[in-house]
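Residue-level listing of the chains:
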Amino acid sequence: MWRVRPAKLDDLQQILDIAGTQGARLSSTLPKTEHRLAERISHAQASLAAPAPKTPRRILLVLENTETGQIAGTAGIDSRAGNGEPFYNYRRDHLIHASHELGTSRRVEVLYPSHGLTDHTLLCAFSLRPELRETTAFELLSRARMLFIASHRDWFSSRMVVEIQGVQNEDGSVPFWDSLGRHFFNMDFETADQYSGQLSKTFIAELMPPNPIYVTLLSDAAQAAIGQPHRQTQANYELLQQEGFLPGNYLDIFDGGPVLEARTDGLRTLITSHPKTLHGSHDEHGETCLVAAGEGEHFRCLLTPMAETLTDDVKVPVSAWKGLEKSAGDRVRISPL
Amino acid sequence: MLLIRPLQENDLDALYAMAQNAGKGLTTLPADTELLQRKIDRARDSFSQRCAPEAGLYLFALEDTETGRAVGISGIEARVGLEEVFYNYRLSLTVNASRELGVHVRTPTLHLSNDMTDTTEICSLLLADNYKGGGNGLLLSRCRFMFLDEFRKHFSDKVFAEMRGVSDANGQSPLWDALGSKFFDMEFSQADRLSGLGNKSFIAELMPKYPIYLPMLPDSARAVIGRVHDNTLPALKMLEAEGFNFNGMVDIFDGGPVVEAFIHNIRSIRESVNRHAMVVSKPVDLDVPPEQRVMISNRSFRDFRVTTIPVDCIEPDTIRLPRDVADALRVESGDPVRLAPLKDQLRIPHRR
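Chains S and W are the protein sequences, given in the same order. Heads up, the first sequence is in the numbering used here, so the first residue is 12 and it goes up one at a time. Heads up, the second sequence is in the numbering used here, so the first residue is 778 and it goes up one at a time.
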């Protein structure tokens, strides 16, 4: 059975292995060195225990096979994008250059460096073994984050964002980076990505030019990549849109990928999920649902067939109780697939 | 004899013909009768001091005294950017550095600037093709320094010149194609013409106002920033010899450089000397090569005149002037005159 739970230091090596299958990416990812990743996991564990609700927390969840202990994916939530530092994006905007004298006007597209999304809650660090991309485990991992937010609502902001990976060519080159960021670093995307893993995204972003960029001066390939998701992220992109996320005016400053935005309380999982009391059922029939239970380090989420009763109860096969580490009478939160 | 004098009403036809032959690239003198007439009027008002000193446009004609026809023109704009906004790009540097990343990248950057506002510009130099050579271009250009120095209070301490930038035989400018054309729905020649006609507000309205990072422009465009058109190379050399230097400003359309100098540092001015005229009846052989000639001005504001005379005419205290030269300069014996080198160093006989 696949289940989602908070990451532990024991998961370190397996997480590193998954990161190796995901390709270069500068934004919203996990560190790729053992030392930094260990720090990140420790930080995530500490985040679960922090007492004050407004502390910037960096939650890290993993997708675990309960039979084998294999870790097959990660998903993160930063309660405050930037984690206390400025969070960088480009805001795509327009200026009208109009000449009264010549009677002409022209729409000029400009990318403004922006910290406007700083302190929004950020979904990040999503990775999944390629063979699981087409399975329900994908939806479990992605939406477990929304259930986590629903269960710990006061930890998170009223607005949510998620950065979607932008266009990258087969050879690893990133057209948006090559036309813009590269000039200021003198390094290719992959090298910059390595540094980003060692340091931080903000560290790299602070070296980007502070002035707005005229889109018309970018290469054609870079212009075409603006706001476009990477092919591989298509499923994720669609799932997030079903969840209520929409592309807005923000872009990733490195690869030009879209940034999706949503109101936290308007997310589908938050609206449709309900707390219920756990009861047993002995057959494995019923509608498959997401069910989550526990708080902080005890948070667990999995997929299970389920039958609802007319009262506040929910009937879940006993086999799933173990995964949830709960038993009859405990409170759980359910959401339909 | 070739004589510098203020541009006059009857120079319009000659001026129009010259402007027409010059073709594209000469922003300040388009072949447009109405506009040229306005320039003549402004020059007249400037010399007769009927306009504020800072509004002055001093245009000088090079006249062939045998025909009475203007064969060249040059000018001084007392102050730029007072009525309209004067634009340049300032070529500056953005450095990106991080010790942790081992990054130290220099990015040349263009900033839109009005830094030349309220500065004196030398401009509008044009010489008929069949008069090129023989030091005529030097006379036409350098006479302005004599005027600037003589009447310094009308001008800024610093003087600059915008040099024509690179464009190909079809009038296409690589910088315009890579930058300006993305913001202006027009050809370089049209933009250049509009700018010459004095319609400058369209520049402010349409030009990108944020800095332009040069690595984002194609090589062809970057290569011409701060470079002059081949035809302008001699003019640049001449100004450099006078002590002018590239000041980091470039033309917003074609990327041509701005060169500048402080008036008191200009070589012609540093080497100029004052004397008194002595009109002589003995004929003087005026037909000597440019190396053996010096410029002489009558030091008049309203009727500023300059021509060249052989170095041999310089005496320790006076200048020997044949009658026709004195008449052309409108000076008499005893009147003050000023000398400045035309080509080489001024050779002045020692006082005995």
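Everything labelled a hint here was simulated from the structure, so no lab data went into it. Just to be clear, a hint being listed does not mean it is correct.
Example chain S residues on the side facing chain W (calculated, C-beta under 8 Å, incomplete) [unchecked claim]:
#1 Met12
#2 Ser110
#3 Tyr225
#4 Thr244
Quick reminder that beta carbons are idealized off the backbone N, C-alpha and C, glycines included.
Numbers of the earlier hints that this structure fails to satisfy, in rising order
Numbers 1 and 4 - these are the hints that the structure violates, sorted from lowest upward.
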